[in-house]
Amino acid sequence: MNDRLTALREKTRALKHDPDRVEIDWPASLALDPADSRCARAARCFCAVLAEEARRARILPGERIVLTRGVKNLPRRYTEAETARMREDAYFHELGVVFNLTVDYPRALSMGLDAIRAEALARRAAAESLRDAEGVDFLDAAISELDAVLALADAYRAEALRLGETEIAERLGRVPRRPPRTFAEALQAVRILHFCLWCEGTYHNGVGRIDQYLMPYLQADLDAGRLTEEDALEWLTEFFLTFNRDSGLYVGVQQGDNGQSLMLGGCDAKGRDASNLLTRLALKASGELKLIDPKINLRITKETPLDLLEEAAQLTRLGLGFPQYANDDVVIPGLVDLGYDLEDARDYTVAACWEFVIPGVGMDIPNIDAVSFPAAVDAILRSDEAKAAPDFDAFFALMRGRLSAEADRIEKRLTRVDMLPCPFTSSLCRGPVAAARDLSAGGKYNNFGIHGTGFAPAVDSLAAIRKLVYEERSASLGELIRAVDTDFADNAPLLAKARRAPKLGLDPEADDISAALLKWFADSWAGRKNCRGGIFRAGTGSAMYYVRHPLEIPASCDGRLRGEPFPANYAPSLGVAVKGPISVINAFTKPDLRRVVNGGPLTIELHDSLFRSPEAVRKTARMVRWFAERGGHQLQLNTINRDTLVDAQKRPELYRHLIVRVWGWSGYFVELDAPYQNQIIKRAEMLL
Amino acid sequence: MTAGLLFEIREFSLYDGPGIRTTLFLKGCPLRCRWCHNPEGLDPRPQMIYAESTCSSCGACAAVCPRAEAGGQTPRVCSGDDVCGACAGACPSNARRQCGFRIEPEDAVRAILESRDLFNPASPGDERGGATFSGGEPLAQIDFVEETARLLRGEGVHTAAETCGYASEAAWRRLLGAVDLIMLDLKHTDPSEHLKYTGVSNEPILRNFDILKRSGKEYIVRIPVVPTVNDAPDTIRAYARLLNGAPGLTRVDLLPYHAASGGKYALLGLDPPAPLPERPIPDEFLNLIPRARKIVS
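Chains as they are written, first to last, in the numbering used here: chain A, 1 to 688; chain B, 689 to 985.
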């Protein structure tokens with residue numbers, strides 16, 4: 001990284017790039033009209049934000065890719081009373097807007113906003129003649145928002161000219177209005193579009209398969225001799241740095257949980273390997289930057305060249321917590337099984353953390369709810385049917401019904417799901433303008449994703465019940481119920497036995513339970529239709545529920561005490577002394593993971609001392625490919641050291657840059673709340 | 689009885705021989721090197737270890753401990769073939785753990801074969817991995833090592849041993865017959881210095897080294913370069929005399945000394961050895977000893 005970028009990076013990390021950023025008292029400056037349609041309301045807010053941003057356009061010394069937020073807060077589209085009324089009528093997921101998606105960047109770039117605007121105008125005329133008031137309303141909103149984006153670009157262009165930054169001005173004279181001609185213009189265009197999506201309130205929006213849609217622009221520059229690979233790396237590194245400029249404003253459940261993900265590698269529409277020079281440059285840029293954004297994902301197969309995997313493993317060595325790997329061999333057929341068109345499935349990316357979605361056409365809600373596996377075990381343990389079960393198979397079979405009942409409950413809760421429109425976001429997707437309907441009314445895919453939390457503790461609890469109650473007959477179901485209710489307080493011997501029972505990832509005896517349980521989970525959602533015309537997809541992710549769900553049950557039969565967290569996503573229970581990553585991968589790839597492609601990675605911790613020699617990188621690459629050979633669906637590796645984490649809790653000022661993988665994203669350890677910090681320390685304990 | 693006493697099976701082991709390996713750490717060692725980094729491998733009996741840093745003082749261990757004293761305190765550490773491990777089962781914070789478990793060769797082989805796919809080279813340039821017997825001292829459990837290695841050979845798995853070479857000639861010859869690669873530690877060249885720093889003379893080791901040289905086997909010699917102990921110019925020259933022209937010697941690995949690696953002693957209730965000054969490995973080692981290389985660790 002050269003001095004220019006190093007200086008920009010330091011400034012960004014020290015948050016010195018935004019000294020004038022202001023908080024605006026929106027209600028005072030927005031004349032919200034109760035008669036506004038939803039789209040009009042969205043446009044009014046968006047245009048107000050962009051007008052403020054245009055007034056505050058500023059370019060920092062050394063920047064070549066511009067746009068930095070000048071306003072901290074977005075207006076609330078609706079008053080609390082209005083929101084409450086809307087939420088009485090329907091379920092609005094999280095903030096209630098369109099989110100968890102990647103727009104169609106390749107199309108937006110190749111058309112330019114002028115052409116999209118022209119299409120919208122033409123479509124508006126048609127809608128008007130058809131007396132389609134809803135269509136006109138949406139298209140009016142989209143057009144005014146597109147105009148606001150173009151005005152913002154013009155304001156930045158004027159600022160660039162004022163500063164004598166003629167090259168920046170020249171790029172802004174071209175994009176996003178018209179298609180980029182160069183790699184630099186393409187990067188600037190993506191920066192503007194991504195920036196504006198956030199301004200519309202579309203959160204957890206990724207930038208998708210950048211190596212695919214940006215490569216033509218880079219190739220043209222290389223062919224014409226306008227850029228060298230080294231220049232391209234510099235551009236890309238600065239582009240990645242821009243994801244960190246405003247991320248402090250993009251708070252999810254925790255700082256860092258912002259879904260600024262991108263996907264590298266994978267195949268083209270015909271299924272041919274499509275990794276390219278940009279795939280490698282992107283890995284390299286991320287390694288030079290060593291920041292938490294953008295979150296890097298890499299699509300692999302059992303045939304991915306080791307050299308590419310080695311470049312990816314370099315990031316693991318640096319402890320960035322990414323790339324997160326997704327296996328095309330499993331994910332693509334899994335998506336096709338769920339009804340995705342093959343060409344779309346081949347184009348998959350991740351929504352925010354690990355939820356597989358299709359850029360440009362997906363309006364899936366991949367995190368709409370979560371099933372707690374340990375809560376299901378707790379429920380069957382207490383059931384009358386359990387008392388009558390003659391053997392473990394009969395007991396275990398109750399889980400099937402329990403998971404179906406959970407699915408019934410969730411499905412019933414989700415009979416009316418509504419979301420607020422995002423006309424600008426919609427205009428960048430394939431379909432909404434042509435259909436004259438906002439994406440919130442539905443995309444090509446409208447599926448709901450269901451997480452499954454505490455998978456390993458549930459498997460371990462079932463394995464303990466099998467061993468203690470049905471094999472050894474050393475404890476009764478009643479004793480186990482009493483023990484979990486009293487936190488094993490007066491039954492330490494039973495706690496010891498529960499802890500020594502087979503554990504997933506350590507003892508192959510637990511593997512058959514795991515395979516059946518995951519299958520039943522997928523079965524429990526198969527064939528159900530959701531209220532938006534889509535289906536349900538089961539996954540192995542936990543999101544933040546691994547901290548919340550454990551609080552909803554007492555202790556569990558695997559010896560987990562009250563309040564102790566579950567592992568994140570798809571991983572062995574905390575405190576299980578596994579032999580290493582190999583037997584964990586073996587155990588966790590035994591279930592049919594094609595059935596659970598809502599996503600959720602197998603998460604493995606590696607001690608940082610593993611990477612003391614460069615050969616470790618190639619060997620890690622080998623392990624990753626073996627994971628694909630084994631039929632794993634998704635993998636994240638977290639390189640950590642417990643001593644470092646404990647010290648960081650004590651002296652956070654020394655560890656401002658320490659990065660950890662949390663549940664599907666990398667964050668700065670010292671910026672996490674204590675329960676998340678402590679859970680990661682627990683994961684690291686087993687590496688001592 | 690061929691069961692082995694191990695303190696760890698470590699998969700994806702990258703620093704105990706060529707390729708990707710699974711390392712069996714055998715418990716029990718005849719040497720007492722002052723710089724030992726694996727003190728849990730010294731005692732040839734199961735031990736309970738205690739990590740004060742993660743202990744929450746909840747008392748769960750004392751509630752189940754048959755050796756708890758009147759005041760309700762679990763012994764800080766205990767060892768012996770009869771350790772019950774109850775405290776480890778009861779401890780909610782992994783502060784109490786059992787170090788040392790018995791395993792039959794067949795079960796050890798099953799665990800090793802989990803990694804079989806990764807032992808094979810992924811491309812022609814890659815080294816073949818396999819299983820490594822380490823410790824502790826593999827020679828101290830030669831029955832287990834020999835049988836496990838025999839089963840692994842039947843499965844086509846490459847085997848290696850990291851050894852101090854301190855054993856009877858008979859045990860040594862059995863080890864040479866059992867494994868594909870020997871990685872022999874030579875901790876000092878001088879018998880009395882060896883005695884001073886490791887508790888035993890190196891005469892049996894040098895005798896076994898002679899046997900190794902005449903065996904036609906390929907082997908690696910490893911020298912833990914310990915400041916003030918074996919890095920003086922005279923000692924380096926003595927190493928050079930010992931190793932120059934040694935038939936079968938493929939490489940000499942120079943392992944650096946780290947004062948900070950004494951952390952595990954506290955887990956065992958032992959005082960860590962007094963730290964020695966850290967300093968770079970002298971270049972004379974590289975200049976005088978053939979095929980020597982410094983290992984990063």
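Derived from the structure by calculation, the hints contain no laboratory data.
Don't be surprised by glycine CBs; every beta carbon is placed ideally from N, CA and C.
Some clues are possibly wrong.
[Claimed, not checked] Stretches of chain B that chain A covers, calculated by requiring three or more beta carbons in the stretch to come under 8 Å of a beta carbon on chain A:
no., region
1, 702-710
2, 748-757
3, 804-810
4, 915-925
(Q) When I compare C-beta atoms, does the region 748-757 of chain B have three or more residues closer than 8 Å to chain A? (A) holds (count 3)
**Q.** Whether chain A covers the region 804-810 of chain B (at least 3 residues having a Cβ closer than 8 Å to its Cβ atoms)
**A.** Check passed, 3 qualifying residues.
(Q) How does the region 915-925 of chain B fare against chain A when you require at least three residues with a CB closer than 8 Å, holds or violated? (A) violated (count 0)
Q) Residue count check for the region 702-710 of chain B against chain A: does it reach three with CB-CB under 8 Å? A) holds (count 5)
Checked against the numbered hints given earlier, the structure breaks only hint 4 and satisfies all the rest.
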